[in-house]
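Chemist: So the chains spell out like this:
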Amino acid sequence: MSPVVFMQGNEAVVEGALAAGARFYAGYPITPSSEIAELASRRLPAVGGVYLQMEDEIASIGAVIGASLAGAKAFTATSGPGFSLMQENIGLAVMLEVPCVVVNVMRSGPSTGLATKPAQADVMQARWGTHGDHPAVALAPWSVQECFSLTVAAFNAAERLRTPVFLLSDEIIGRMREGVTLPEPGSLELVERPAPTGPAAEYRPYRPGPDGVPPLAAFGGPYVFHATSSMHDEMGVSANDAATAASVISRLVAKSRFALDFLPGPEVVRSAETGRGCRPGEPVLLVAFGSSARSARQVMLDHPDHPMTLFRPRCLWPFPEKELSALLADHGAVVVAEMNTGQLLLEVERVAAGRVPVAAALRSDGEIITPEQIWETVREVARRPRPAAQALGWKEGGR
Amino acid sequence: MPGETMESAAGATGAVRGRHEVLLAGEGGQGMVLAGVVLAEGAVLQGLRAVQSQWVLGSAARGSLARSEVVLSDGEIAFPRVRAAGVLLALTQTALDRSLPLLAPEATVILDEDGVRELAGLGPDHRVRRLPIVRTASRLGFRRSMNMYALGVLVSETGVLDHASVERAIRKKFGAKAPPNLEAFRAGSGGGPD
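If you're matching them up, the sequences are chains Z and B in order. All the letters of the first sequence, read from the start, carry residue numbers 611 to 1009 under the numbering used here. All the letters of the second sequence, read from the start, carry residue numbers -5 to 188 under the numbering used here.
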């Protein structure tokens, strides 16, 4: 077994990126993500990779897209203000179908906000930050271990889907240190982007492969192609007709659904008491991600006699709605805990659709959400009268 | 060093049962954040779980608060921050004052007697130790490794970790610069030449 190594979340992101095969980083340092740039600047050249410090975040994501088109697994790291600046080029990467990983170590906003303090308020920005209909893939680590493993998963998803993938870390997870077990080199399953085969003259750079993702040739090789941000046909040539637009948009958007087949699923942690003699509908379902999930899990450890289940999406986008939906019937209420004014809450309410009451423990003052605050909300929903099951259209105790 | 591995394996659980929270606080430049990192890494080397976070406002200028929060446990650590510290090491008045809300009622409070003058905020059940930490470290020639001297004081006053585990963490963290830091730690923990 590999020994336990003690490291910071941001460091583990760099280790994960290197283990996933990343060999290019371009970025502009910003608190609380700067350790990623710092470590990447030391580690990448040592493995034959490239580190570029750019003049700003717009140039950073541009360089990442260029490097990826040239065949490198590429990434950048930033925080809210930089993530905002990157949005236009993230749309470019979506449209050109360029794999890349963008790490956003979330901090309090809007704008420069509380520059050094934690928040989780970029959930919807990760989904809808760039304009137009588009797929979105965002992973959220809750530990230093997951800063490593979800970074690997992010690169794998980016390569497989040919689309930008976000790692939504936060100030607390990114800057804390804890023990991690790094896998043996060579033991990780790594995904490489689909590559063209056959004669170069027959290469159709945007003709979908069997899973809807076209093979990507590296710039500088025998397969020559045109990449444009405008709507384009299979040759990558601008095309404005409705049929082309309809098929491209639906194919791009479908990447989110495809991603659900292989992205890390949600973690479900049941307290010892749950399911042991308590009536269906009694336990409270806690929904939280990243650092908030650490606080939510602590509530369960603090109150072992109170039945609770933690539903922790590791993948926020696409949202694991099937898994959440399947848990609702067994729980009397849902409490969403997050460090924003209610973003994932909207998604949970959509999935719950009135079947189970949904309450929220929210914090957006730059301080960590505490187990005590979440516990207060749990107690509050436990005191509420139960809605009549029949009125909500589902059977008592039914699944 | 095989002997060392066996020693730490023998003390794998040591004094830590359940969740222990430790605060190390001073002003920017005193190295308390790093001292917390070393303490937490020592715990991991001892077979425990540990989480270290820091509270630093911007770039830690002199006079501002710099604080490590360390959570140690022989089990799962969920909430990564300190809520009721059983141990506080505070080198300045601000470090103490700003840490009071995070102290358990019966916390062991180790204070630098020159840096902290006002003790009114402490409770009746706090176990208070006032020691000339910064002055002594300086007198012994450990001005630049005062944080490791202070960490030695903390470890010997609380018994929270094996000395050997912390020494291993110091060697890992400082590499070629380990010797003066080890000396400072040993002096602080009473295990070296005074």
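The hints are simulated quantities; they were obtained by calculation from the structure and are not laboratory data. Just so it is clear, CB atoms sit at the ideal spot from N, CA and C, and this is done for glycine as well. A few of these clues could be false.
[As the list claims (entries may be wrong)] Listed below are several chain Z residues computed to face chain B (Cβ distance under 7 Å; list not exhaustive): (1) LEU862; (2) VAL863; (3) HIS913.
[Claimed, not checked] Reference listing, derived: stretches of chain Z covered by chain B, where coverage requires no fewer than 3 residues with Cβ under 8 Å from a Cβ of chain B: (4) 784 to 798; (5) 898 to 912.
Chemist: Each hint should be assessed against the structure and marked as holding or not.
Modeler: Cross-check of the supplied hints:
no. : hint       : verdict
1   : LEU862     : 38 Å, violated
2   : VAL863     : 36 Å, violated
3   : HIS913     : 12 Å, violated
4   : 784 to 798 : holds (count 5)
5   : 898 to 912 : holds (count 7)
Hint violations for this structure: numbers 1, 2 and 3, all remaining hints satisfied.
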